[in-house]
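Visitor: Read top to bottom, the protein sequences are chains E and L.
Residues in the first sequence are numbered consecutively from 1, following our numbering.
Residues in the second sequence are numbered consecutively from 1, following our numbering.
Any given hint could turn out to be false.
What the hints assert, rightly or not - Stretch by stretch, here's where chain L covers chain E in the computed footprint (C-beta under 8 Å, at least three residues):
{"#": "1", "segment": "43-56"}
{"#": "2", "segment": "85-98"}
{"#": "3", "segment": "102-116"}
What the hints assert, rightly or not - Residues from chain L that keep clear of chain E, each with C-beta distances beyond 10 Å, as calculated:
{"#": "4", "residue": "LYS13"}
{"#": "5", "residue": "THR15"}
{"#": "6", "residue": "GLY16"}
{"#": "7", "residue": "GLU17"}
{"#": "8", "residue": "TYR64"}
{"#": "9", "residue": "GLU69"}
{"#": "10", "residue": "GLU72"}
{"#": "11", "residue": "GLN85"}
What the hints assert, rightly or not - To give an idea of the interface, some chain L residues facing chain E are shown, with a C-beta separation under 7 Å as derived from the structure:
{"#": "12", "residue": "LEU43"}
{"#": "13", "residue": "GLY63"}
{"#": "14", "residue": "GLY100"}
{"#": "15", "residue": "GLU101"}
{"#": "16", "residue": "GLY107"}
Read the hints as simulated data drawn from the structure, not as lab findings.
Note that CB positions come from ideal geometry on N, CA and C, so glycine has one too.
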Amino acid sequence: AQKVTQAQTEISVVEKEDVTLDCVYETRDTTYYLFWYKQPPSGELVFLIRRNSFDEQNEISGRYSWNFQKSTSSFNFTITASQVVDSAVYFCALSEAETSYDKVIFGPGTSLSVIP
Amino acid sequence: DVKVTQSSRYLVKRTGEKVFLECVQDMDHENMFWYRQDPGLGLRLIYFSYDVKMKEKGDIPEGYSVSREKKERFSLILESASTNQTSMYLCASSHPLSTGELFFGEGSRLTVL
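Bound-form chain E, shown alone (with noise of 0.2 Å):
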């Protein structure tokens, strides 16, 4: 069954540090997606990045990159110089062929506090 485990339930951090969530996924596919998704106070969820199996490739968007590991089963994200506006709950997610690329499954979520 396909599962994804956040171990970090709450990080706090002084503005413009660096911070990093985790994430861990299971899965039997050998074809499958993973997500991540933010959760601000206003409480609406937004798509923040997606990443298939054959794509090792980390990716950087300003100040956010993401490093994927098949070998770990990780899928890790790691915020630079961290501004208020980044505290949020943030969500890794999966989605398999075997079941339904459209059925994503979200992890329990990792709640960052940036301090100013």
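Mind docking chain L on chain E? Use the hints.
Guide: Below, chain L alone, put in the same frame as chain E:
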């Protein structure tokens, strides 16, 4: 501005009542979803729909049903609300060619007394 709109932000119902949660999207998306969000559990998929009048069970469908009579509207129904259905309910939609890129509504917080 594209949107997923959920009809009620906050509802308070009594045990045994029938509850309707409505969701409308204006993006012409084929796929629509209902999740519930609980602290420590993340989002759990209740039902999803690929097309009008089609529905698929998610991971926790017990106690819920859905209706999709029109492409833009996806309703979640609690036939007989129970206290353990107190939760935040999130509706989402997606285009089938954009795998996993879900657009979410603001959520409906349901309290069952």
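Visitor: Is the Cβ of GLN85/L farther than 10 Å from every Cβ of chain E?
Guide: Holds, because the least Cβ-Cβ distance between GLN85/L and chain E comes to about 19 Å, which exceeds 10 Å.
Visitor: Minimum C-beta separation from LYS13/L to chain E exceeding 10 Å: can you confirm that?
Guide: holds, 20 Å
Visitor: Taking the minimum C-beta separation from GLY16/L to chain E, is that value above 10 Å?
Guide: holds, 28 Å
Visitor: Over 10 Å from every CB of chain E: does THR15/L meet that, or does the non-interface label fail?
Guide: holds, 26 Å
Visitor: Is the interface hint for LEU43/L satisfied, with its Cβ closer than 7 Å to some Cβ of chain E?
Guide: holds, 4 Å
Visitor: Counting residues of the segment 43-56 of chain E with a beta carbon closer than 8 Å to any beta carbon of chain L, are there 3 or more?
Guide: The restraint on the segment 43-56 of chain E holds, since 6 of its residues have a Cβ under 8 Å from chain L and three suffice.
Visitor: Report holds or violated for the interface hint on GLY63/L, using the least CB-CB distance to chain E and a cut-off of 7 Å.
Guide: Interface hint status for GLY63/L: violated (20 Å vs cutoff 7 Å).
Visitor: How does the segment 85-98 of chain E fare against chain L when you require at least three residues with a CB closer than 8 Å, holds or violated?
Guide: This one holds; 3 residues, not fewer than the three required, reach chain L with a Cβ under 8 Å.
Visitor: Using Cβ atoms and 10 Å as the threshold, tell me whether GLU17/L really stays out of contact range of chain E.
Guide: Consistent with the label, GLU17/L stays out of reach of chain E, its closest Cβ about 24 Å off (over 10 Å).
Visitor: Given that the segment 102-116 of chain E was listed as covered by chain L, double-check it with a C-beta distance under 8 Å for 3 or more residues.
Guide: holds (count 8)
Visitor: Minimum Cβ separation between TYR64/L and chain E greater than 10 Å?
Guide: holds, 16 Å
Visitor: Just to be careful: measuring from the Cβ of GLU101/L to every Cβ in chain E, is the smallest value less than 7 Å?
Guide: Constraint on GLU101/L satisfied, holds at 5 Å.
Checked against the numbered hints above, the structure breaks only hint 13 and satisfies the rest.
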